[in-house]
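Work out the full structure, taking the sequences as your base and the hints as a guide.
Protein chains: 2
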Amino acid sequence: MSATVKSEAQRGPLSEEELRKIHAYWQACNYLAVGMIYLQDNPLLREPLKPEHIKQRLLGHWGTSPGLSFIYIHLNRLIKKQELNMIFIAGPGHGAPGVLAPVYLEGVYGEVYPNKGEDEEGMRRFFKEFSFPGGIGSHCTPETPGSIHEGGELGYSLSHAFGAAFDNPDLIVAAVVGDGEAETGALATAWHSNKFLNPIRDGAVLPVLHLNGYKINNPTLLARISHEELDNLFKGYGWIPYFVEGDDPELMHQAMAATLEQCVAEIQRVQDEARRTGIPSRPRWPMIVLHSPKGWTGPKEVDGHKMEGYWRSHQVPLSGMRDNPAHLKMLEEWMRSYQPEKHFDANGKLIPVLKALAPAGHRRMSANPHANGGLLRKALRLPNFRDYGVQVPKPGQIEVENTPPLGKFLRDTMSRNPDNFRLFGPDETTSNKLNAVYEASKKTWLADYLPEDADGGELAPDGRVMEMLSEHTLEGWLEGYLLTGRHGFFATYEAFVHVIDSMFNQHAKWLDISEDIPWRAPIPSLNFLITSTVWRQDHNGFTHQDPGFLDVVVNKSPTVTRIYLPPDVNTLLSVADHCLKSSNDVNVIVADKQKHLQYLDMDAAIKHCTKGIGIWDWASNDQGTEPDVVMVGCGDMATQEALAATALLREHFQNLKIRFLNVVDLYTLTSASEHPHGLSDRDFDSLFTVDKPIIFNFHGYPWLIHRLAYRRTNHRNLHVRGYKEKGNINTPLELAIENEVDRFSLAIDVINRIPALQVAGAHAKEALRDKQIECRNYAHEYGTDKPEIRNWKWPL
Amino acid sequence: MSATVKSEAQRGPLSEEELRKIHAYWQACNYLAVGMIYLQDNPLLREPLKPEHIKQRLLGHWGTSPGLSFIYIHLNRLIKKQELNMIFIAGPGHGAPGVLAPVYLEGVYGEVYPNKGEDEEGMRRFFKEFSFPGGIGSHCTPETPGSIHEGGELGYSLSHAFGAAFDNPDLIVAAVVGDGEAETGALATAWHSNKFLNPIRDGAVLPVLHLNGYKINNPTLLARISHEELDNLFKGYGWIPYFVEGDDPELMHQAMAATLEQCVAEIQRVQDEARRTGIPSRPRWPMIVLHSPKGWTGPKEVDGHKMEGYWRSHQVPLSGMRDNPAHLKMLEEWMRSYQPEKHFDANGKLIPVLKALAPAGHRRMSANPHANGGLLRKALRLPNFRDYGVQVPKPGQIEVENTPPLGKFLRDTMSRNPDNFRLFGPDETTSNKLNAVYEASKKTWLADYLPEDADGGELAPDGRVMEMLSEHTLEGWLEGYLLTGRHGFFATYEAFVHVIDSMFNQHAKWLDISEDIPWRAPIPSLNFLITSTVWRQDHNGFTHQDPGFLDVVVNKSPTVTRIYLPPDVNTLLSVADHCLKSSNDVNVIVADKQKHLQYLDMDAAIKHCTKGIGIWDWASNDQGTEPDVVMVGCGDMATQEALAATALLREHFQNLKIRFLNVVDLYTLTSASEHPHGLSDRDFDSLFTVDKPIIFNFHGYPWLIHRLAYRRTNHRNLHVRGYKEKGNINTPLELAIENEVDRFSLAIDVINRIPALQVAGAHAKEALRDKQIECRNYAHEYGTDKPEIRNWKWPL
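Chains as they are written, first to last, in the working numbering: chain A, 107 to 902; chain B, 107 to 902.
Fair warning: there could be bad hints in the mix.
Note that the list lumps identical chains together, so a pair holds whenever it fits in one copy or between two copies.
[Unchecked claim] Listed below are the simulated BS3-like cross-link pairs for lysine-lysine, each with C-alpha atoms no more than 30 Å apart in a straight line:
id	residue 1	residue 2
1	K406	K548
2	K412	K701
3	K830	K717
4	K234	K701
5	K435	K892
6	K830	K687
7	K156	K701
8	K514	K548
9	K301	K412
10	K301	K341
11	K687	K701
12	K548	K341
13	K514	K412
14	K514	K877
15	K406	K435
16	K892	K187
Just so you know, the hints here were simulated from the structure itself, not pulled from any lab data.
Being a predicted model, the structure only gives us computed values, none of them experimental.
Dropping the structure here:
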C-alpha cells in the first residue's frame, strides 16, 4: 500500500503552490516549537541570538514536535477542504510544542489568552512561559485549547479517542499514537476498540502511529520489526494500515495529503454505506503509520553525533548555549532555516496567505466544542429513582440484593438518553447484577456473531453497554466520552479497580486543574460502582480482596473526589441519582451485589444520604442521653455486623446505652476545612461524643478512617475495625471473623472498652467467643454460614 | 498451517494405544475436575449420586478446565519422551481444577499434602476442600505445587513466563493464555517480549492461546475475528502461530501431539543454531492457538440451552442438584462418561498403565524446582557497598546526585552475577541516572539494529538491563525472574509506579501466603527504586506528581512490606545493599536522582539505616535536655527543607532548642505490634517526646504519617507536612512552597506552635514570609530558584 500511495503522492494531490504554502505553514510551526523550547526573548530574531535570549533551563521535547505539527496542518487542509468536524489527540509525551504551535497560529491561543496574542510581545510571552515556572506545560494540559488528552502519562490516547467518537456520528477523532506509548499495555489492547465502533451511530477514529523510532534513550519496538510484521500487526488488529514513510518534506507532504484524502474517503465510504443500508457491520477502518525522523528538520549532527533521526533529538538537540557560542550559532541557523521573516509580518503575525490555510471558527480543532465537552453537556433525563426502591416497613427485616434495583434505574436512564449515556464494565455487568440494563440496550459488539448468541448473548451492534476485559480500555473510553460532554457509569470488581489507579489519578488531576480554567465548561462526573467487594469473595479468595482504591482516591484533590458507601438498596439509589446529576467530580460508590438486609425506606434513605451520616434511632437506645458507647457501621457488610453486635450486646446488657451511627458519605468524617463534605467539629462531636468509646466498623482498610478523623476531638477513643489482609476462601462470616469485623469480635471489643463491664462482662465475652468458634466450625463443616447467621434479622 | 498439521495429525504421531492411553488420562483429569467442583462425598461413584454428596455451594470454573488438562498431559508426553525441563503457567482465571487434576494424578499433590493422597479418602478430601471455606483455591494459588502464577488477576501469565525463561537456557515455560485474559493491556503488549529473549542464553516460552471463545458472559474478541486477522496478529507480534482447532478428542489428541512436537522441534532447532553459531538473532518463535470448546466434554445442552461451547459452561454447567433430580442424574451421567472405574483402581489410585504416562521426579511440572524458585536461590555476590560511597567530612556541605553511585553498585553487582541478576526500568535507566550499569551490561535487544546504535545505543542481545515502555511487562518479567529464584531491581518514576499498583498487590499477597507454606522456599525480594520523585518535576508538571504508591504498599501485610527513604548517597547504598540481601519482601526505596546535600559519612549512614530513625546531633541543639520542638525530615527533599528551616529558626531564636530527627525506615513510626520494624512506644517517646510539638516534613502525602503514628503518645502534637496536590510547572522551592513543605513555611509553623514565641516571633514570621515571596518572584522571573536557595548549605 505504501508504495502505491508514495508514487501517487509524488504526482499530487498538492499543486505546487499548495505545496509551497503548506510547507511554509509547517516551517512556521517548527519555528515556534523551537522558539518555545529555547527563547525567552528576541522571538522574531530581529537581532543575532545572544546568550541572554536563551532560557536558563531548556525543557520540553523537540523530537516529536515537527511530526505532530505536520499531522495537524495536513488535517487542517482536509477540514477546510471538506468542512470536516475533527478533533486532535496528541499521544506522544511532551509533544505540546508541536500542538501549541498550530493552535497559536490559528489564533485560538491568543483568543483564550489575550496576553499571548499574535504579535511580537505575545510571541515572546508564549515562548518564555513554555515549560517555565508558573507557565505553560509541555504536555497538552487542560489549559491547552482543543485538548481532551494531556498525555502526561502515556497509553490512553487511542481509548480516549474512541470515547470521544462514540455517539458523535459526524466527528472524526484524529489520534496520534506515539511509538513509545504504543508499547504500553493500555495502548496495545486499545487497538481492538474498532470492534466496538458502530459506523452508523458513532463517528470515526483515525489513528496515526507516529513511528519516529525512539523513546528517551531507546529505539521503539515497532520501529525495529520488519515492515511485514508491522503491517501484519495492524491488519491483525483489524485495521488497514497506510504507510507514509520518508524524510524529504516535499515527498512527505504529497504522501500525507494523498493518504489522508484516501483515509477520509474510506471513512466516508464506509459510513455512507452503513448509513444507507442500515447494516452496521465492522469495516476495516484505515489507520496511518507516519514513519518520519525523530527531530525532523532539526540539526542533523551535533558535536559529531547523529541528531536528526536518533534518540539524541528526543528532548533538546542543542544545549549549553550560554557557554557554547558554536551551539548558539547552530541554534540561530536552525531557527533561521525556517525563514521566519517570510512567514511572520513585521508585528509577528502569520502572513494572511498562510493564515488562510487554517479552518475558521469552530472548525479549528483547537476551538471545536467537542474538545471542551462541557459546552455540549446535556443534563441526563433521569427517571425518578424513588420508583426503583424497595419497601422497608421495618428496618433490618428483609434481604434484597443491592445492585439489581440500580440496574433497573440505569436501564431506564439508558432508555431516556439514547445518545448520551453508556454503561461500562469488564465482562461483569451480569456478574455485578446490573443485567436489567440489557432490557434497554445490549452489549456493543461489532465483531463476529454466532447462532448461539441469540440465546442469551445480549450482543448488538447498537448496544450501549460497553464490555471488554480491559479496565484500561473501558476507563479510557469512558473518560473520552465524559470529556466530550456525555454521561457514563463504570461498574467493576473492587479488587481490580486498582488496575486503573493511575488512570483515575490522571483524570482527577485533569478535573482539578480544569476547575480553575474559566473557559472549560464542567463535564459530567466520572462515576464508579465498586462492587463484588472484598467481603463477599466466597470462592475467589485472597487475590480478590482489596478495598484500597479508596486510599488512592483520598489522595486526590478534595474539590473533585467523593466517596459513598450506601448500606442498602434505597440509599444506593439515592446516591447514584446524586452522582449522575453532578459534574466535574469523581464519585466512588461502594456497594455489594449480594443479598443484604434493608434498613431505610425511601424517605429515610434520602434524608440519610443528604446528611451523609446519621444516628439510626431504631438501632440506638441512648435516646435523650449520653450513650455509653458509639457503634458505627460504614459499608453494607460492616453495618450489618455492627448492628448484629449491637443486638448481641443488648441481649447481654439491657442497660448499656448504645448509639448507632451509619456513615454513607465518607468525607463527612474529615474536617470541614479539608473537604467540602466534612462535618463541622461541633456536629462531629455531637454525633460521636467527646469522650465515649467509638467502635467503628469499616468496609475498607481501617487506617483510612484514622487518616480522615485524626483531628477530631474524640479521636483517642476511636477504634476502627476493617479489612487487614486476613482470610482466603471463606464464608462471609468467617472472613469477617478473620479480620475482626464480625459481630462477636465487635461486641467483645465494646465490652473491653467499657470499664464498668470488665467484671460483669467476663461471662458474656466467653459466651460470645464460644459462639464465634461454633460458627466458624460450622462453616468449615458445611461450607456455608449457619442459618442463624445467614438469616439474621434486626430484633424488633 | 493448521490444515497441514491437522491432516498430519490424523495419521499420527500417536499410535492407537498411545491415543487410547492419553485419552484415558485426560478422562481421569476431567473426572477429577468435575468431582472437585461438585462432590463432597462418594468420590469414586461407588453408589448412585445423592443430593447429600453434592456441595452446598457450587464454585470453581469448569469451562477452561478440560483444555488446561489437555495441554498439561500433552506436555507431559513430550517431557517424558524428550526429557524436557518444563514448567506450566495457567493464565485462565479459576482454572485450577484443570491443573490440580494432573498435579494430583502425578502424585505430587499427595506428597505435599499427605491427607489428600491417592486413595479414596484422599480424593474425597481433595474434592470436598476445593473452593470450600478454609480449603483449596480455585486459582493456581501459592499452595499449588508447580505454580508460580496464581492468575487471580488476569493479564500477567505471559510476562511471568518470560521472566522465568530468562537465564534458564534449558527451560521451556509453557504459558497458557486465556482468551479473556488476552484482552487485558498487560497481556496484549507482553507478546512483544519475544524481542527480549536471547536463544543462546535464555530458555524458551511456548505460549498456548486457549481460544475457547468465552469470558463470564461474553464472547472473547480473539475468537470473533477472522482466522486471517488472528493469524496476522500473531505474525505481527513476531510469532509463528500453529492452530489446533476442533472438538473431536481423537483428532485433537493427534493434532496437539503433532503440533507440540513440531513446536518443540522448532524451539530446539532455533536454540541449537544460535548456540552453535553464537549468533543470537531473533527467531520467529512458535506459539499455539488451541481452539477448543468452552466446557469441552461437558453437557452439550441443559434445559434447552446450549452448554458445551458456549458461555453458559464458563462456570458451573449444572446447578440446583439438591432440588433437581434431573440435573443430579445428568451430573452422574456426565461423570460416568469419563469411565472412572476403568482409570482408578479399587482404592481410588490411578492405574499403573496410566501412571506411567507422567514424567518422574523433578521432571513432573508440579515438582520442578524452578516453580519453587527459592530452592534454586543463590545469594547475590555483592560488592562492598561502602566502596561506592561519597566522602562527607561535614554534614550538609556538598551536593551529589543521589542515584549514580547506586548505579555503579548495581553495575558491579551485575558483573559479579552474570546469570542471576537483572535491572528493570521503562526506558528510564539513563534518565534515572543509573546508566553506569551499561558499563557492565547493555540493554537487552533482539529486535533490529541500525548503524547509529553503535553511538550511544547501549543495546546488545546479551544485555541484562531490561527496558521497554511497559511497566506491566517489566514488572511481570521481574516477578517471573524472582519467583524462579533469581534477583532483580526495578527503577521507575514515582508517579507512574501506580501503573502497577495492582500487580504489586497481587505479588505481595502471593508472598504473604507463601510465608505460611512450609515447602515454599523464600525467594529474593521485589526491590523498587522510586525516583524522579514528585518534588523534582520541574517541567513535567502536575501529572508527574504523585507519591501515593506508599499508601498502596502500607495496605499490604506487614510481614512482606518495607519502605525506605534514604536522604543521601550513603544511606541509599546501605539500604540498597540490605534490600538485595533480603528475601520474601517487597522493598520500596524512595530516592531522587538529582543533586542533594550529603549528610552522613558511610559509618554514620550504616548506623542510621540500621536503626531506621535517629536524632541528628549535628543539627540539634537540645543536647542533654528536653527540646522545645522536634523537627523531622523523611525523604531527601523533605529533610533538606526541614534542615533549612532549623537553620532559619536558629538565626532568629538562638535559645530555641530544636531536636532534629531523620526517618529512613518508614515503618519505625508504627507500633511494634503492627510491623516488625515498628519502634517500641518507649523508644518512640524518647525520640519524639511526649508533649512537645513535632513538625514532620514528609516526602509523600502527609496523612500516611498519621496513619502510621496515630496510636503514639505524642500524636496530638504531630503536625505533618507533605505533598497535597498543589503545584504544576514549578521550581523545586516553589513546588515546596505551594505544598507548605518549604523552609519558610516550616519555620513559621514552628513559631506558631510554640506559645512562648507568639509575641517575640511576629517579626521573624514577617521576615520569613517576605523572603518566601521574594524567592517565588525570583523563580517566576528567572525560571530557577535563587542561587542562595540552590546553593544552600547547612551552616557550620
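Right, here's what the structure says about each hint:
1. K406 - K548: between (55 Å within a copy, 26 Å between copies)
2. K412 - K701: between (66 Å within a copy, 29 Å between copies)
3. K830 - K717: both (29 Å within a copy, 27 Å between copies)
4. K234 - K701: between (61 Å within a copy, 26 Å between copies)
5. K435 - K892: Answer is between; shortest inter-copy Cα gap is 28 Å, intra-copy 84 Å.
6. K830 - K687: Between copies only: 28 Å across chains, 35 Å inside a chain, cut-off 30 Å.
7. K156 - K701: between (74 Å within a copy, 29 Å between copies)
8. K514 - K548: within (14 Å within a copy, 58 Å between copies)
9. K301 - K412: between (42 Å within a copy, 25 Å between copies)
10. K301 - K341: Result: close both inside a copy and across copies, 13 Å intra and 20 Å inter.
11. K687 - K701: within (27 Å within a copy, 49 Å between copies)
12. K548 - K341: within (28 Å within a copy, 33 Å between copies)
13. K514 - K412: between (62 Å within a copy, 27 Å between copies)
14. K514 - K877: Classified as neither; 40 Å inside a copy, 60 Å across copies.
15. K406 - K435: within (14 Å within a copy, 78 Å between copies)
16. K892 - K187: Answer is neither; intra-copy 73 Å and inter-copy 52 Å both fail.
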